[in-house]
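Number of protein chains: 2
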Amino acid sequence: MSEDLATISIDEARSLGQRLLLAAGYSQPHARTITDWVVRAQIDECHSHGLYRLISCCELIERGKVDPVATPHVEDRAPAIVRVDACKGISLQAFEAGLPVLAEKARNCGIAALAINNCFHFSALWPEAEMIADKGLVAIATTVSHAWVAPAGGSKPVFGTNPFSFGWPRPGKHPFVFDFATSAIARGDIELHRRTGTPLPQGTAIDADGAPTTDAEAAVDGAMLTFGGHKGSALSTMIELIAGPLIGDMTSAESIAFDDDAKVVPLHGELIIALDPASFAGQAMAADNLKRGEALFDAIEGQGARLPSARRYMARTRNQKSGTMPVKQNVLEELRTRAARLDTR
Amino acid sequence: MSEDLATISIDEARSLGQRLLLAAGYSQPHARTITDWVVRAQIDECHSHGLYRLISCCELIERGKVDPVATPHVEDRAPAIVRVDACKGISLQAFEAGLPVLAEKARNCGIAALAINNCFHFSALWPEAEMIADKGLVAIATTVSHAWVAPAGGSKPVFGTNPFSFGWPRPGKHPFVFDFATSAIARGDIELHRRTGTPLPQGTAIDADGAPTTDAEAAVDGAMLTFGGHKGSALSTMIELIAGPLIGDMTSAESIAFDDDAKVVPLHGELIIALDPASFAGQAMAADNLKRGEALFDAIEGQGARLPSARRYMARTRNQKSGTMPVKQNVLEELRTRAARLDTR
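Chains X and Y, in that order, are what the protein sequence lines are.
Counting from 1, one number per residue, gives the positions in the first sequence under this note's numbering.
Counting from 1, one number per residue, gives the positions in the second sequence under this note's numbering.
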């Protein structure tokens, strides 16, 4: 796979996304949200969740399972709980439908949760954490995936890559946001190492007998490991529980069984929690407290350590200024080829 | 320090605790809660948070700062937020005062948070997660500590050992509970290695220049590291923010500055979140969902991996049956010596 980078204008990317997704069968709202989110990731030079996903979203439909015209159903479950049934559509439209209700509930109650059910999920969680933090709220977002990861002390896959994301509002700045997989390595990286025959980093996988391995082929037959040993494993267990059974949705083991080798992105649920600083401390104190958060960031950056997302925000500034962004050459070619095919239909 | 174990009856431990704490100047409610919690930890053979803490709680008073007769003040901040000002007392009475309000709010709203402010904190977080899970709710608890831990890529202490705890109710069984420090090693272990001159495990600390070290002396002048590299560091940053500025309380850096070398346990805040399974899924579904959690635990234990807290629960069963529990010989001697001194006063 060529890793050479080409350049695409943000406008062309938007137009390509809309056209391809509509032609593939997505409804207008799904085409719009998917395009928005993958273009946003590409502007941040987050290639793994960028324009490349337009291709995989089009291919998803061909494999069945995903409903490309599903309309999410918003349900008010409790004063601080909103549930959105994605009805087997892509998660993004469901998130956007639930977000204003989540924010209102968080402001009214001090803390609130959004549970998204029955969604197919391919996106990163940081855009969600960022959108909530942009509303002046603190965000925690988690989701399960497919059972590829063994628990600490075990040998068989039980957990998904189970990401954990967090957002914190920063007055006048991009929010503090992180989003990490609780697996020691990304699933896509295992695949990349398998194709190129290169060894995995130490401590990321075990073979079918539970023995440590750096062989990607053996890791696919065995399991990935969590980051951080038994602590990462505990965290991943928590995510299985709160983004799965707590909200009435599938665990990673149930999701991969449902997939039944169709190799579609996981169908599952997502739990998103929003906390309102003003409810905890009062409006005036909340402003002061956000400033005290800034002292923490200064102490981290002041010693030369980097805040998570710093690289993304730098890319964003650069690319929004130029109106263009880098994209992998082969991804761009594939997108333009698919668009040209539409022109000749 | 002798690690030889003696045996004490649970009744004698309770009586010793009450007597020593009252004599040291704690109010009856503080003496009761502290005794309850340290005896509970000792029954679970969690020596680091067990009877040994009776001695340190008595010594705390001598160093000033802690108010041994403080009455916590409960404040209803929002439909889903309860705040308890511990008024510079030990945290436990504040937690017990806030717990019923937290549980009621979680059942009414679906999710709720308890913020404890201005508390001195020496206990583990797992008892809190367990007490919430015993009420059929899901629990997340976090607190900062003292700035001893450097961020990933940095060299200077910013974070505390910042524990993260979780509880999940299991019908008819002890809840699933974990409680881990986000530091790579416990602060007490650094001290132990310093005293015995033994090397620290690799990857747990850096010296004053930011270089990796296994020398405990150098680690005290430098900093501890988080578990799990940049992911653990991100998690620890989150805990600083949500258990500090979000709830209007000190970060680990502010707490250690306040301590000003008095070497008292940290004065800080604590954030505890409770989620109600029935609010998310409805009463009947919630019961089914808890069973689906059991399938996850079966998949973990079925492959020979251990659930967190399993060892504690085994010790508890054993010790509650016998009515006695193991305790370090030197701790027991110190407690009995202190009690004998009271007899001759």
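No wet-lab data here; the hints were simulated from the structure.
It cannot be assumed that every hint is accurate.
Given that identical chains are not distinguished, each listed pair holds provided it fits within a single copy or across any two copies.
Here are the simulated BS3-like pairs of lysine-lysine, each with C-alpha atoms no more than 27 Å apart in a straight line [claimed, not checked]:
| no. | residue 1 | residue 2 |
| --- | --- | --- |
| 1 | Lys321 | Lys65 |
| 2 | Lys263 | Lys65 |
| 3 | Lys156 | Lys173 |
| 4 | Lys173 | Lys88 |
| 5 | Lys156 | Lys291 |
| 6 | Lys135 | Lys291 |
| 7 | Lys263 | Lys321 |
| 8 | Lys88 | Lys328 |
| 9 | Lys321 | Lys156 |
| 10 | Lys328 | Lys263 |
| 11 | Lys173 | Lys263 |
Checked hints:
1. Taking the closest pair of Cα atoms, Lys321 and Lys65 never come within 27 Å of each other, the shortest separation being 39 Å inside a single copy and 54 Å across copies.
2. In this homomeric assembly, Lys263 and Lys65 come within 27 Å of each other (Cα to Cα) only inside a single copy, at 11 Å, whereas the closest approach across copies is 60 Å.
3. Proximity of Lys156 to Lys173 under the C-alpha cut-off of 27 Å is restricted to the inter-copy arrangement: shortest distance 24 Å between copies versus 43 Å within a copy.
4. In this homomeric assembly, Lys173 and Lys88 never come within 27 Å of each other (Cα to Cα): the closest approach is 36 Å inside a single copy and 35 Å across copies.
5. Taking the closest pair of Cα atoms, Lys156 and Lys291 come within 27 Å of each other only across two copies (21 Å); inside a single copy the shortest separation is 46 Å, beyond that limit.
6. Only within a single protomer do Lys135 and Lys291 lie at most 27 Å apart by alpha-carbon distance; the minimum there is 17 Å, versus 37 Å between protomers.
7. Proximity of Lys263 to Lys321 under the C-alpha cut-off of 27 Å is found in neither arrangement, the shortest distances being 38 Å within a copy and 51 Å between copies.
8. Taking CA atoms no more than 27 Å apart as the test, Lys88 paired with Lys328 passes in neither setting, with 30 Å inside one copy and 57 Å between copies.
9. Proximity of Lys321 and Lys156 under a CA criterion of 27 Å is satisfied in neither setting, with 48 Å inside one chain copy and 35 Å between copies.
10. Proximity of Lys328 to Lys263 under the C-alpha cut-off of 27 Å is restricted to the intra-copy arrangement: shortest distance 23 Å within a copy versus 55 Å between copies.
11. Within a single copy, Lys173 and Lys263 get their C-alpha atoms no closer than 39 Å, and across copies no closer than 37 Å, so neither meets the 27 Å cut-off.
Hint compliance for this structure: hints 1, 4, 7, 8, 9 and 11 are not met, and every other hint is.
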